[in-house]
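**Q** If you read the protein sequences in the order shown, they are chains G and R. So in our numbering, the last one in the first sequence is 1206, and the numbering has no gaps at all. So in our numbering, the last one in the second sequence is 1703, and the numbering has no gaps at all.
25 Å max Cα-Cα, derived SDA-like pairs, lysine to any residue:
(1) R:1612 <-> G:1134
(2) R:1680 <-> R:1471
(3) G:1130 <-> R:1620
Computed beta-carbon distance windows for the label pairs:
(4) G:1203 <-> R:1700: 45 to 53 Å
(5) G:1185 <-> R:1203: 36 to 44 Å
(6) R:1409 <-> G:1162: 45 to 53 Å
(7) R:1483 <-> G:1159: 52 to 60 Å
(8) G:1136 <-> R:1692: 50 to 58 Å
(9) G:1185 <-> R:1550: 42 to 50 Å
Since the hints were made in silico from the structure, they are not lab data. Beta carbons: idealized from backbone N, C-alpha and C, even for Gly.
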Amino acid sequence: MDTKQRDRLKWRARRGLLENDLLLTRFLDKHLETMDEEEMERLDKLLLIDDNTLLDLLMGRTVSDDPGLAGLIANIRTST
Amino acid sequence: MSLPIRKFDAVVVGAGGAGLRAALQLSEAGLRVAVLSKVFPTRSHTVAAQGGVGASLGNMGEDSWLWHMYDTIKGSDYLGDQDAIEFMCRMAPEVVIELEHFGMPFDRNDDGTIYQRPFGGHSQNFGEKPVQRSCCAADRTGHAMLHTLYQRNVRANTQFFVEWMALDLIRDANGDVLGVTALEMETGEAVIFHAKATLFATGGAGRIFASSTNAFINTGDGLGMAARAGIPLEDMEFWQFHPTGVAGAGVLITEGVRGEGGILLNKNGERFMERYAPTMKDLASRDVVSRAMATEIKEGRGAGPNEDYILLKLDHLGPEVINKRLPGIREIAIKFANVDPIKQPIPVVPTCHYQMGGIPTNYHGEVVVPKGGNPNSIVPGFYAAGEVGCASIHGANRLGTNSLTDLLVMGKSSGDSMIKFIKGESSHKPLPKDAGEYSQARIAKLDEQTGGENVADVGDAMRRTMQAHCGVFRFPDMLIAGVDKIKQVAERAERLQIADKSKVFNTARIEALELQNLIEVAKATMISAEARKETRGAHDRADFHDRPGFVAGRDDQNWLKHTLWYREGNKLDYKPVNLKPLTVESFEPKARVY
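Bound conformation, chain G alone:
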């Protein structure tokens, strides 16, 4: 993964729904710089999810059955 991957992820956290923008930005501002490659791959995967489904996951209304994603979602949910 090249060095620009962080910037790419930061841009892909730009969403169609404001709520997702806010939750993802808040998390990335704190943690993006220190994420390792595996975490970034997981984030990349999470960002492929459509906005409404993603919002349900981030608000805890639904749960991901992918254990890797579920861990990342839990981190985003507890990040304030």
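With chain G held as given, fit chain R onto it using these hints.
**A** Coordinates of chain R only, in the frame set by chain G:
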């Protein structure tokens, strides 16, 4: 250095509902179409539309496009152009049925017809009684629409350029539009998209306000590009606000919270709605509540360190009521306001939602500007549709569910106009020799700026100025001061500096370019609002209110006209409202009572 050139029949900037609907029309006609989008198409802000599409299908009871037309004109406070409104309302059933045939998963009645939901402001027989007119796909209408239209475009071979940002409009010496310059984020390279016809479907610019429900991508890129290219912006003083968004975040708190007993307090803990609306108090209409909140803040009774928000108190309802009747609200407050409403009040503020103004067009989606005495002279090759366009269907205020109707009808109509135009052009008009130089110079200036301004700081100054001086309820002294202030912010925006000069995926550069678009919209809004000396629709002025002889502050004699703001010298011009529909009698302006 000249830029690489890519040639298409049509270029569409923006891949939300309007852009996708237009692109589909063009691709299915066998034309070569490029669609540019900053984000993946299905992540466009259309996804946030939940209310549905208004169309007089009459599936739930008798309905007619003429009644829909009346509701839309009344909603617009008579500033809407009645030809465009008739066109939209007549076309609405057709575009909805088309979308159904494209595979849109609308909710259905038992007999298989599309289910239609009730929605405020929609009536039978010219305001006689409510009618169910909104077609939806659960609470994901916008989402379903984007997915349906995107898939259909893929099938029709529309070529998508995803993570590309359009920079500037290209016009020749005659003013004809020949395409755009655009930046590929992945490489940082700028390219010329040379096209016979160019459509802007870039959405709204709600991010000019500190409190907005708009996603971060809604930076008015089409408006900025049009303004820089000498195209005026129409009716930019009209923005729809919601009374209660979470302060600092913009996420909406539904009005149902006040229905359940939530009350609004100022910094002194006073339930101020008792003063403004002694009978209805916190359950007064949206306008009255917004006005009262803005007045409290303006008069120094706002809460918080900057005295710029109001408190929405729920704790007296008790945990049981909150958990049972308002669970979603508790979750939103905890996540976005960092307060638990069981214990603490939620900081709220009137929040911008939708832009009624935009690039002036006719109902064919053709961009029109004053020229040689004609207020609506067509700019050859240039089109706009969706929230960025101003046909004007929404006038001074938009009727609920008409945003999706607008983008379907105007998207399709623009596509049809473009097809006709493209077929009449045997070849591409030649690009001017300096095409692309303006954009290159803008990027070079950003890279070379020293001792300049920080993008985030200037953006904050713009958003705070707009919110405080030109929000939901407008005060003359604040507007006058706001004009000076926003001009000062705009001067700072001329000297933006970025630390990261790299080419590949430089998000700092993109954010600077976005701010340069937003600031044009902010100037247009403030200057147009200060100049309009009346209250009409969403433009609500404290000094033009409840005056004898005027309908709720509206002044049809002097102000039944569209504003046009030009970037050059911040010049204002006006043009008449078209009160003449296509086939029916005119709806004459009268008092707007619901």
